[in-house]
Amino acid sequence: METMRERFFDVTGDLLDHDPRIALLLADISADPFAEAARRHPDRVVNVGIREQLLIGAAGGMALTGMRPIAHTFASFLVERPFEQVKLDLEHQGVGALLVSAAGSYDWPAGGRTHMAPGDIALLDTLPGWTVHVPGHPDEAETLLRHAAADGDRKVYVRLSNHRNATARPITPGRFLTLREGRRGVVLAVGPMLDAVLDATEGLDVTVLYAATVRPFDAAGLRAALGGRPDVVLVEPYLAGTSANEAHEALADRAHRVLGLGVPREEHRHYGSIPEHLAAYGLDATGLRERITAYLW
Amino acid sequence: MTTAETTPQTSEHLYGFGDLPGLMARMTGDEKHGPAATSTLDALWVLYDRVLRVSPATATRIDRDRFLLSKGHGPMAYYAVLAAKGFLDPEILASFGAYDSPLGHHPDRLLVPGAEISSGSLGHGLPLAVGTALGLRAQGLSDPAVWVLIGDAEFDEGSNHEALAFAGSAGLERLHVIAVDNSSATHGWRGGIASRFEAEGWSAVTVDGRDHQALYEAYTRPHPGRPHAVVARVEPKNS
Numbered sequence: 024m025e026t027m028r029e030r031f032f033d034v035t036g037d038l039l040d041h042d043p044r045i046a047l048l049l050a051d052i053s054a055d056p057f058a059e060a061a062r063r064h065p066d067r068v069v070n071v072g073i074r075e076q077l078l079i080g081a082a083g084g085m086a087l088t089g090m091r092p093i094a095h096t097f098a099s100f101l102v103e104r105p106f107e108q109v110k111l112d113l114e115h116q117g118v119g120a121l122l123v124s125a126a127g128s129y130d131w132p133a134g135g136r137t138h139m140a141p142g143d144i145a146l147l148d149t150l151p152g153w154t155v156h157v158p159g160h161p162d163e164a165e166t167l168l169r170h171a172a173a174d175g176d177r178k179v180y181v182r183l184s185n186h187r188n189a190t191a192r193p194i195t196p197g198r199f200l201t202l203r204e205g206r207r208g209v210v211l212a213v214g215p216m217l218d219a220v221l222d223a224t225e226g227l228d229v230t231v232l233y234a235a236t237v238r239p240f241d242a243a244g245l246r247a248a249l250g251g252r253p254d255v256v257l258v259e260p261y262l263a264g265t266s267a268n269e270a271h272e273a274l275a276d277r278a279h280r281v282l283g284l285g286v287p288r289e290e291h292r293h294y295g296s297i298p299e300h301l302a303a304y305g306l307d308a309t310g311l312r313e314r315i316t317a318y319l320w
Numbered sequence: 094m095t096t097a098e099t100t101p102q103t104s105e106h107l108y109g110f111g112d113l114p115g116l117m118a119r120m121t122g123d124e125k126h127g128p129a130a131t132s133t134l135d136a137l138w139v140l141y142d143r144v145l146r147v148s149p150a151t152a153t154r155i156d157r158d159r160f161l162l163s164k165g166h167g168p169m170a171y172y173a174v175l176a177a178k179g180f181l182d183p184e185i186l187a188s189f190g191a192y193d194s195p196l197g198h199h200p201d202r203l204l205v206p207g208a209e210i211s212s213g214s215l216g217h218g219l220p221l222a223v224g225t226a227l228g229l230r231a232q233g234l235s236d237p238a239v240w241v242l243i244g245d246a247e248f249d250e251g252s253n254h255e256a257l258a259f260a261g262s263a264g265l266e267r268l269h270v271i272a273v274d275n276s277s278a279t280h281g282w283r284g285g286i287a288s289r290f291e292a293e294g295w296s297a298v299t300v301d302g303r304d305h306q307a308l309y310e311a312y313t314r315p316h317p318g319r320p321h322a323v324v325a326r327v328e329p330k331n332s
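If you read the sequences in order, they're chains V and B. Under the numbering used here, residue 320 is the last one in the first sequence; the count climbs by one each step, no gaps. Under the numbering used here, residue 332 is the last one in the second sequence; the count climbs by one each step, no gaps.
Calculated directly from the structure, the hints in this document are not laboratory data. Incorrect hints may appear among the rest.
Here's a subset of chain B near chain V, in silico, CB distances under 10 Å, partners left out [what the hints assert, rightly or not]: (1) Asp201; (2) Arg202; (3) Val223.
Here the structure is a predicted model, which is why all the values come from computation and not from measurement. Each residue gets a CB set at the ideal place from its N, CA and C atoms; glycine is no exception.
Just chain V, with the same shape it has in the complex (with noise of 0.2 Å):
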């Protein structure tokens, strides 16, 4: 099955084609599926070796120079090692790029905690004017990647998975998706939680709302979703509670419930797969069902 980041691969590459604007900084990881497109725009595709942090002040230099530069690497080596550099080489010298990052939270199980990243959207939420795009399906990445690219000189985190739903939703960025309608409260599920959310809440009374964007927070679709029941249950596919504050902030006019779902904060140390690391944080259907009703019920 297509992963999203195979698309990412496909679409980069046909970006560098048309737009003179695109640069692509790598950092060692993904450079193999490059190589075609490095032949290609050997200005433009540019392996800084395992460097993260040159990886994030070059893309700071090249936008200064006018370029829409996109670094790639894996989240904890995109958004968590250089943090400072995105701090600091893109908000504060007031420059964009677009950062793709792979493997955030648990999708090499095997490969344990250094090469997981669950804090990257918490931490990007420490600075102003991010967006942050989180697909489900790799269709969805390609919108969002292209949508990304084209959004000026924006600061954009497009977080992509191994982790996929089975099908494509007709998603528009920015914009919450309602994709079932109830009166026991909404349900919020991010990218790749989808399909386990629409199991959990099969037969139950409950609107599920989809997003592949989360920053900016749609509080607008949230609030337009609630009905006479401001509960709101988030299931996200990265630290627990990430946007709960973005949720309460929607919902600050109003008495309401929040239930924020997601990768625990505590180490999990264990290998494995990345159903068993889902079972594990409560995250199938199983375990989501049980916390849904429960807190709606």
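Chain V is fixed; fit chain B onto it per the hints.
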């Protein structure tokens, strides 16, 4: 980068090197970084006065030369040179560090006319300069030069070494480093700073950082196919 709309272009060339101490004296409140400021004075002046092809009139042109002050500590010499060269109004120097001043104790490119980058946290300028050189090259602009000034203590930051190793390997010919060495690095650099650049394929030269002619010759030395580093040695910070 912003430009000084209100500064008359005729102010350029009205100031000479001898005016810089007077301009710097207008700035008070960051005396702890006084040695850091004066260490860069000659290197900055020679660069802006004789080498760098940028003026207030060309400060937003894509093909301008660029100077990135990485060592943002003690920016008084930098602000004085920018004022002397007409990028900013000398009248604002006295506001240094005040709430509404564009002139902080570390420069902010969104506030300081003529400043190419915001700096302060050490080790960010050289990676940004590498990206700037890459960006210009990718747009077919092979003429503009990119200069970045670092300090010998700033050189401790590992991000510099990521950038200099890559730049040497990539042969970024339009990239230039001025490393002002006032012996302030806690553990020093055995074999000298220039040896680190040379080991990564750079052209490198070490000169007296107070000797204007030596600085000029070092800045303008040909370095085909390689980036170029000028180590400007000045009196030790704690002498």
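Structure-based check of each hint:
no. : hint   : result
1   : Asp201 : holds (8 Å)
2   : Arg202 : holds (6 Å)
3   : Val223 : holds (5 Å)
Figure legend: structure checked against the earlier numbered hints; every hint is met.
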